[in-house]
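K.L.:
Given these sequences and hints, build the entire structure.
If you're matching them up, the sequences are chains G and Y in order. Using this note's numbering, count along the first sequence one by one with no gaps and you end on 225. Using this note's numbering, count along the second sequence one by one with no gaps and you end on 1219.
Don't take each hint at face value.
Said to hold, decoys possible - Calculated lysine-lysine pairs in the DSS-like style (CA-CA distance at most 30 Å, straight line): (1) K1142/Y x K1105/Y; (2) K121/G x K211/G; (3) K123/G x K1053/Y; (4) K188/G x K141/G; (5) K103/G x K1117/Y; (6) K1105/Y x K52/G; (7) K1215/Y x K121/G; (8) K61/G x K1142/Y; (9) K141/G x K1053/Y; (10) K1053/Y x K121/G; (11) K103/G x K1062/Y.
Don't read these hints as lab results, they were simulated from the structure.
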Amino acid sequence: MEEVKLIGTWPSPFSYRVIWALKLKGIPYEYIEEDLSNKSPMLLQHNPLHKKIPVLVHGGKPICESAVILQYIEDMWPQNPLLPNDPHERAVARFWVQFAENKVPCIWRLFRTTGGEEQEKAKKESMEMLRALEEHGLRDKNFFGGDKIGIADLAFGQVAHWLEMIEDLVGVKLIEAHTFPHLHAWTKNFKQVPTIKENLPDYGEMLMYFKRARDNFLASRGPGM
Amino acid sequence: MADEIMLLDWWSSMFGMRVRIALVEKGLKYESREEDLNNKSPLLLEMNPVHRKIPVLIHNGKPICESPIIVEYIDEVWKDKSPLLSTDPYQRAQARFWADYIDNKIFQLGGKIWTSKGEDQEAAKKELMECLKILEGELGEKPFFGGENFGFVDVSLVTFSCWFYTYESFGNFSIEAECPKLIAWTKRCLQKSSVSSSLPDSLKIHDFVLQLRKKFGIE
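P.N.:
Next comes the structure, spelled out in structure tokens:
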């Protein structure tokens, strides 16, 4: 098998999506940690358009954008499938991956707020997003993929682990058992899957990292916000 | 049993056009239903409760939403005719990457051009031209983004071509002047009946936008 490399950054949820997919399929790979404040020639060569992580490099050929990488991994290594066989169900799974790309970023907008109207707006958007997941995406299934973890679950990994950190730092609670019973249960189920459990950033370390990032961001924005 | 295919659509939507092209490429018969976007039908709301947007493909009663996903679905189900995606995983990834780039850039930038003025409009024009140049670079000397054959990325981008006249007119610039190869590619695509039968006339789009601008007081 040709060499697989993953250029990623701790503790990016987008990096972790790819790690989970590779590990779930048992694909050996070399992990290369990228310093985003000082981007390497390798990253710039492999992702000249966006200059972002993650980048998967397989046999020297780069694949960029985590959602695209997940589908590549599924196409390339069909064992332990992350997509169902039925075309309609595949389209539904892809719909939720796309939803994760378009809508989940609102939790990061919330992350950057301190209060007032801006925070209320970000909180409202986040709640609407979670409501759609609860009522239309997950419904009463254990995973977005059904009985077992699938590509959409990986795409929503941010909601299972990183959102809790955002809630802690911003001082808001979004997912509670009585408001989002299925989603709340899913966050637990997801993190109990052995491959996920063994491959999550340490919560305390992650909290410190993002607290520093948030403090820096808020300081650079200046007073009056 | 014959397939029942319905498309919930809106005539000027670049996203709806993509699905039309894919259906014609595969030689499929379907019922097209034009939605009134100011008064969305119960069917649309039932079939796309999350986004309430068109296009929605309804195949034997089951909905598929989001145009790139619909096109991929059509390609998977009716895989024996006119394949739009390669079977090679790397080529598929490249196609998805560029379709994603198109979806993140062209619609918003184009829309900004006809809804704004002054500095905002200039910034949108500049960025749109940069994106189109990047896409032209990706096309290179190939007849289509898909290589020898019309493919997924071609379907994703060509539907914007009927909106180019509108962008150019309200933005006062020429896309062909800076991206002649891209315009040549649009003409090549329009020679395909799937494309020419799926795209409305550029002037019709321009007149429609003229009405919209009056309605929203954009002058």
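K.L.:
Compare the structure with each hint and give your call.
P.N.:
Do the hints match the structure? See the list:
1. As the CA atoms of K1142/Y and K1105/Y are separated by approximately 22 Å, the hinted pair is consistent with the 30 Å bound.
2. For the hint linking K121/G to K211/G, the alpha-carbon distance of about 21 Å falls within 30 Å, and the restraint holds.
3. The hinted pair formed by K123/G and K1053/Y meets the criterion: a straight-line CA distance of about 23 Å does not exceed 30 Å.
4. In summary, the hint linking K188/G to K141/G is supported, as the alpha carbons are separated by about 13 Å, within the 30 Å threshold.
5. The suggested pairing of K103/G with K1117/Y holds, with an alpha-carbon distance near 29 Å, which does not exceed 30 Å.
6. Simply put, K1105/Y and K52/G have alpha-carbon atoms about 17 Å apart, close enough for the 30 Å limit, and the pair holds.
7. Taken as a hint, the K1215/Y and K121/G pair is honoured in the structure, with Cα atoms around 28 Å apart against an allowance of 30 Å.
8. For the suggested pair K61/G and K1142/Y, the alpha carbons sit about 20 Å apart, so the restraint of at most 30 Å is met.
9. Proposed proximity of K141/G and K1053/Y is supported: the alpha carbons are some 25 Å apart, at most 30 Å.
10. With a C-alpha separation of about 22 Å, the suggested pair K1053/Y and K121/G falls inside the 30 Å cut-off, and the hint holds.
11. Straight-line distance between C-alpha atoms of K103/G and K1062/Y comes to about 24 Å, which keeps the hinted pair within the 30 Å bound.
The structure agrees with every numbered hint stated previously.
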